[in-house]
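Novice: One-letter residues, chain by chain:
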Amino acid sequence: MKNRLRVLRAEHNMSQADLADKLDVSRQTVNAIETGRYDPSLPLAFRIASLFGRPIEEIFIPNGSKAM
Amino acid sequence: MNTELQEHLVNAENPRFSAFATLFWITLGTKTPAERRYKTRSCLAAGLLICWVLFALAVHFRPKPMIFVITDLLWGTVLTYIAWELRRYLFTLDELARRLQFEAMAWTYLTGFVLAAWLGVLAPFSHTLMHWPYKQSLLLLSPFLYFLLEPVRAGWLYYLSRRY
Numbered sequence: 100m101k102n103r104l105r106v107l108r109a110e111h112n113m114s115q116a117d118l119a120d121k122l123d124v125s126r127q128t129v130n131a132i133e134t135g136r137y138d139p140s141l142p143l144a145f146r147i148a149s150l151f152g153r154p155i156e157e158i159f160i161p162n163g164s165k166a167m
Numbered sequence: 004m005n006t007e008l009q010e011h012l013v014n015a016e017n018p019r020f021s022a023f024a025t026l027f028w029i030t031l032g033t034k035t036p037a038e039r040r041y042k043t044r045s046c047l048a049a050g051l052l053i054c055w056v057l058f059a060l061a062v063h064f065r066p067k068p069m070i071f072v073i074t075d076l077l078w079g080t081v082l083t084y085i086a087w088e089l090r091r092y093l094f095t096l097d098e099l100a101r102r103l104q105f106e107a108m109a110w111t112y113l114t115g116f117v118l119a120a121w122l123g124v125l126a127p128f129s130h131t132l133m134h135w136p137y138k139q140s141l142l143l144l145s146p147f148l149y150f151l152l153e154p155v156r157a158g159w160l161y162y163l164s165r166r167y
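For the protein sequence lines, the chains are A and B, in the order given. Once you know that position 10 of the first sequence is 109 in my numbering, the rest is easy, because the numbers rise by one and skip nothing. Once you know that position 23 of the second sequence is 26 in my numbering, the rest is easy, because the numbers rise by one and skip nothing.
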């Protein structure tokens with residue numbers, strides 16, 4: 100699954116550590132999600148969406164779907 | 004925000020889990036209070052055990068049954084305590100770290116299972132050499148199996164954590 104987390108984080112002037120603190124996960128987890136190596140659980144995906152004030156489908160894009 | 008600062012925020016951080024923490028402590032090096040607590044308390048418990056064993060050896064461990072019993076009970080108590088602290092630590096992890104830890108444990112279990120199976124297969128052949136499994140003193144080695152499997156778990160955790 101692709102995602103726009105890195106772009107959103109940069110738009111909000113946040114480091115990976117800042118975002119990790121806000122989501123209550125490790126920095127490595129944030130990095131693994133950003134690079135597409137790890138797909139977050141649904142609760143974590145909702146927390147990310149809520150933090151950036153965007154719908155989930157605007158942040159996470161299933162493989163094969165057209166990017167927004 | 005200028006592009007340079009954005010690049011810094013995006014790329015500056017080391018993305019990987021700490022190799023040293025993974026291989027030496029079998030944690031993921033996320034430096035949380037729970038991780039520090041687990042490491043400190045496990046070290047204290049293991050230290051107590053080592054001190055007692057050294058003391059027991061110093062006072063001629065084998066001929067004194069009481070010291071033998073205390074040592075035996077201490078092994079079990081300390082290892083149980085470390086396992087309890089590990090459990091507490093695992094429940095503080097985030098979803099990726101917990102997944103890695105549990106996956107490493109599952110692979111360690113399977114590795115141990117295969118090793119045990121092969122020991123069972125080899126037992127009849129080794130009987131003439133070391134009387135295994137009939138030699139009762141070999142049972143004293145059982146607590147060491149925990150320590151033998153820990154490097155295996157470290158290896159699996161390191162291997163798995165490199166995927167992320």
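In case anyone wonders, no lab produced these hints; they're calculated from the structure. Yeah, the Cβ is synthetic: ideal placement off N, Cα and C, and Gly gets one too. Treat the hints with care, as some may be off.
Stated by the list, open to error - Derived CB-CB ranges, DEER-like: (1) B:F150 - A:I155: 30 to 38 Å; (2) B:L47 - A:P154: 47 to 55 Å; (3) B:D75 - A:S140: 23 to 31 Å; (4) B:A109 - A:G135: 23 to 31 Å; (5) A:K101 - B:L47: 40 to 48 Å; (6) A:K101 - B:P154: 35 to 43 Å; (7) A:K101 - B:E98: 35 to 43 Å; (8) A:N162 - B:V124: 43 to 51 Å; (9) A:V106 - B:L76: 54 to 62 Å.
Novice: Hint says 43 to 51 Å; check whether the CB-CB distance for A:N162 and B:V124 agrees.
Specialist: holds, 45 Å
Novice: With 23 to 31 Å as the target window, see if B:A109 and A:G135 comply at their CB atoms.
Specialist: holds, 24 Å
Novice: Would you say the C-beta atoms of A:K101 and B:E98 sit inside 35 to 43 Å of each other?
Specialist: violated, 19 Å
Novice: Measuring from beta carbon to beta carbon, are A:V106 and B:L76 in 54 to 62 Å?
Specialist: Distance hint for A:V106, B:L76 holds at roughly 58 Å.
Novice: Is it true that the C-beta distance of B:L47 to A:P154 lies inside 47 to 55 Å, as the hint says?
Specialist: holds, 49 Å
Novice: Is 30 to 38 Å right for how far apart the beta carbons of B:F150 and A:I155 are?
Specialist: The hinted range 30 to 38 Å is violated for B:F150 and A:I155, with Cβ atoms some 45 Å apart.
Novice: Do the beta carbons of A:K101 and B:L47 sit within 40 to 48 Å of each other?
Specialist: Holds - the Cβ-Cβ distance for A:K101 and B:L47, about 46 Å, lies within 40 to 48 Å.
Novice: Is it true that B:D75 and A:S140 lie within 23 to 31 Å of each other by Cβ?
Specialist: Between B:D75 and A:S140, where Cβ atoms are some 43 Å apart, the hint is violated.
Novice: Can the suggested window of 35 to 43 Å be confirmed for the beta-carbon pair A:K101 and B:P154?
Specialist: Taking Cβ atoms as reference, A:K101 and B:P154 lie about 37 Å apart, which means the hint holds.
Checked against the numbered hints listed earlier, the structure breaks hints 1, 3, 7; every other hint is satisfied.
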